[in-house]
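Input sequences plus hints: build the corresponding full structure.
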Amino acid sequence: MDSAQAYGYMLYFVSLMTMGGIYAIMCLGLNIQWGFTGLFNAGIAGFFAIGAYVSAILTTAESASHLGGYDLPIALGLVGAMVVTAVIAWLVGLLCIRLRSDYLAIATIGIGEIFRLILKNEIWATNGARGIAKIPLPFETLSEPWNKIGFMLLVLAVVAVFYFVIERARLAPWGRLMTGIRENEQSARAAGKNVERFRIEAFVCGSVLMGLAGGLMAHYIKFIGPGATEPLTTTFLVWVMLIAGGSGNNRGAVLGAFLLWGIWSFSEVLTGRLPAELAVKAAYFRIFLIGLLLQVVLQRYAGGILPERRPTTNKVA
Amino acid sequence: MDFINFYLIPGLVLGSIYALGAIGVSLVFGILRFANFAHGELMLIGAYTAYSLMQFTGLHPLIVLPIAMLFTSLVALGIDHTFYKPFRASKSTIVIVASFGIALMARSAVQIIWGVDTFSYSSGQIQMPMILFETLRLSPKHVWIVFSSIVLMIVVHVILTHTRTGKAMRAMSDSAELAQLTGIKTESVVKATWVLGASLATAAGVFLGWDSHLHSMMGFYMLLPMFAAAILGGIGQPYGAMVGGLVVGLAEELSAYPWLGDSPLLSPAYKAGVAFALMIIMLIWRPSGLFRGRVF
Chain A
1 MDSAQAYGYM LYFVSLMTMG GIYAIMCLGL NIQWGFTGLF NAGIAGFFAI
51 GAYVSAILTT AESASHLGGY DLPIALGLVG AMVVTAVIAW LVGLLCIRLR
101 SDYLAIATIG IGEIFRLILK NEIWATNGAR GIAKIPLPFE TLSEPWNKIG
151 FMLLVLAVVA VFYFVIERAR LAPWGRLMTG IRENEQSARA AGKNVERFRI
201 EAFVCGSVLM GLAGGLMAHY IKFIGPGATE PLTTTFLVWV MLIAGGSGNN
251 RGAVLGAFLL WGIWSFSEVL TGRLPAELAV KAAYFRIFLI GLLLQVVLQR
301 YAGGILPERR PTTNKVA
Chain B
318 MDFINFYLIP GLVLGSIYAL GAIGVSLVFG ILRFANFAHG ELMLIGAYTA
368 YSLMQFTGLH PLIVLPIAML FTSLVALGID HTFYKPFRAS KSTIVIVASF
418 GIALMARSAV QIIWGVDTFS YSSGQIQMPM ILFETLRLSP KHVWIVFSSI
468 VLMIVVHVIL THTRTGKAMR AMSDSAELAQ LTGIKTESVV KATWVLGASL
518 ATAAGVFLGW DSHLHSMMGF YMLLPMFAAA ILGGIGQPYG AMVGGLVVGL
568 AEELSAYPWL GDSPLLSPAY KAGVAFALMI IMLIWRPSGL FRGRVF
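Respectively, the protein sequence lines represent chains A and B.
Going by the numbering used here, the residue at position 307 of the first sequence is 307; the numbering climbs one at a time, nothing skipped.
Convert by adding 317 to the 1-based position in the second sequence; the result is the number in the numbering used here.
For the record, the hints were derived by calculation from the structure and aren't laboratory data.
Treat the hints loosely; a few may be bogus.
Stated by the list, open to error - Have a look at the derived ranges for each label pair, beta carbon to beta carbon:
{"#": "1", "chain 1": "A", "residue 1": "S267", "chain 2": "B", "residue 2": "Q372", "range": "26 to 36 Å"}
{"#": "2", "chain 1": "A", "residue 1": "L94", "chain 2": "B", "residue 2": "S407", "range": "46 to 56 Å"}
{"#": "3", "chain 1": "A", "residue 1": "K134", "chain 2": "B", "residue 2": "P457", "range": "45 to 55 Å"}
{"#": "4", "chain 1": "B", "residue 1": "V460", "chain 2": "A", "residue 2": "R100", "range": "36 to 46 Å"}
Unchecked claim - The calculated DSSO-like cross-link candidates involving lysine-lysine, where the alpha carbons are at most 27 Å apart (straight line), are:
{"#": "5", "chain 1": "B", "residue 1": "K508", "chain 2": "B", "residue 2": "K402"}
{"#": "6", "chain 1": "A", "residue 1": "K222", "chain 2": "A", "residue 2": "K148"}
{"#": "7", "chain 1": "B", "residue 1": "K484", "chain 2": "B", "residue 2": "K458"}
{"#": "8", "chain 1": "A", "residue 1": "K120", "chain 2": "B", "residue 2": "K588"}
{"#": "9", "chain 1": "A", "residue 1": "K193", "chain 2": "B", "residue 2": "K588"}
Since this is a predicted model, take the numbers as computed values, not measurements.
Heads up, the beta-carbon is just placed ideally off N, CA and C, and yes, glycines get one too.
See below:
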């Protein structure tokens, strides 16, 4: 193996860890919603897209083709992405959170669709189908590969921070209450808990992470448009990551994200070597196989790789 | 007259298509107790199967429809047996995740077999609309779609009210436990539900493809309006689903009519939002739907 080849492998590894990390953030978000609280969010890609667009609009240089840009520092762009996603998720929560899981699932699909329509059609703000380009990458002044490595470290640091915060929250009364709402809403209500408020809290917290992941992705690929990510594939991948890793388990969520992204990316490398005609079809074959993997996990290993472990209580009944 | 030609008639056509799809969504929801996210993909499979049959035989869509219905029913039964049956006893939320996966698997299967290009049932020639009373323009395919939908809905009505299976389906939709106590074989009712749902979905898919064209995302785009229609009519209420489908279809088309001033009331780009808004209003205001369906 010569040094150029080794360098190529190293860059590939860095991109794997970066993308895996971005998905891990979304996966932790879904874990708060579904794993802890039992809220079905099928509109992950919608919140992801909002975060991506907000951060892109805030940080790009002024442009005639879309709203802004306001040329703000990237950190502010990411904070803005989280704030805007939080506000939108809160509004969505007010509207939909009382719905039972089945209805919530349908409603979130609808919300994701409407976000997509808005981003595609409000050309004055988003430049429509042509998207927003020239989004700044952090550490841009560093030379390659250090800028990429720097970004990877940033993403991994974000994953680590949120892992510890969410793990802490899971063991705290807040997390136990969320599990209580998931397992038996009536008893949580009987215990005097404001179930709606806590469900909205979980929904907002999870969606904020999805927005943050969107912001990071926009900076990473330096472009965001309606076609940059296929919304259903993104949403679906995050779901498979969480279920395979272990719904309700934060370590499982992170592990699932890196593992599934590894499989997904590696299979793309393999199918990329096929002739063009077959390669297009192979892309759909990969989605089919990921779907099949989900079914196998659901039926045979319902807990995932790292099943949920409830915090033990001091009292023994 | 523009109102009738370009808003009311397309609304009725779309409404009939939604109604056919929504009956299946509503019955599956009522009898199997889960929101089947893959229902749009049954439409997709039905529509593409009909396309291949037409290519193969050169026959009219309405003639190949029964064969496509049969094929889609078999696919639905196979999916149910392999992927949904293991979860019959568990919490319904797990099945929704499974059906979400099935939807993507079914769509990618269609994309692998038929590719992602759009197809059309009509091979190029444009049928001239009939002109009635000098200003009313009726396209023959629209007449056929609405007429066939009405026939199919009458068939559904006869099945539900005059056959043992149909009565058992309604009983199970009302209360699965009571139905079981009276000796109804639940598994055979479940099978009948899938056959009925898949057949109607096939008809909806073929009509939609006939009205416009076939593409691999058509099933997904139908999902929201179909659920809106089913919820509007009341879950588990097939007649409610018919009315709900018409209401959603008409609302989507009529929302683009210039009711105030000269510009469309709502930009046609946001049509999909109409179904969503109707659904949310209904779920908050009256979750049991217009026809007093079940609330889960």
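Here's how the hints hold up against the structure:
Checked against the hint of 26 to 36 Å, the pair S267(A) and Q372(B) passes, with Cβ atoms roughly 32 Å apart. Between L94(A) and S407(B) the Cβ separation comes to about 31 Å, which falls outside the hinted range of 46 to 56 Å. For K134(A) and P457(B), the Cβ-Cβ distance of about 52 Å falls inside the hinted range of 45 to 55 Å, so the restraint holds. At about 40 Å, the beta-carbon gap between V460(B) and R100(A) stays in the expected band of 36 to 46 Å.
Taking the CA atoms of K508(B) and K402(B), the gap is about 11 Å. The hint holds against a cut of 27 Å. With a CA separation close to 12 Å, the supplied pair K222(A) and K148(A) stays within the 27 Å bound. Restraint check: the Cα-Cα separation between K484(B) and K458(B) comes to about 34 Å, which exceeds 27 Å; the hinted pair is violated. With a CA separation close to 14 Å, the supplied pair K120(A) and K588(B) stays within the 27 Å bound.
At roughly 39 Å between alpha-carbon atoms, K193(A) and K588(B) are farther apart than 27 Å, so this suggested pair is violated.
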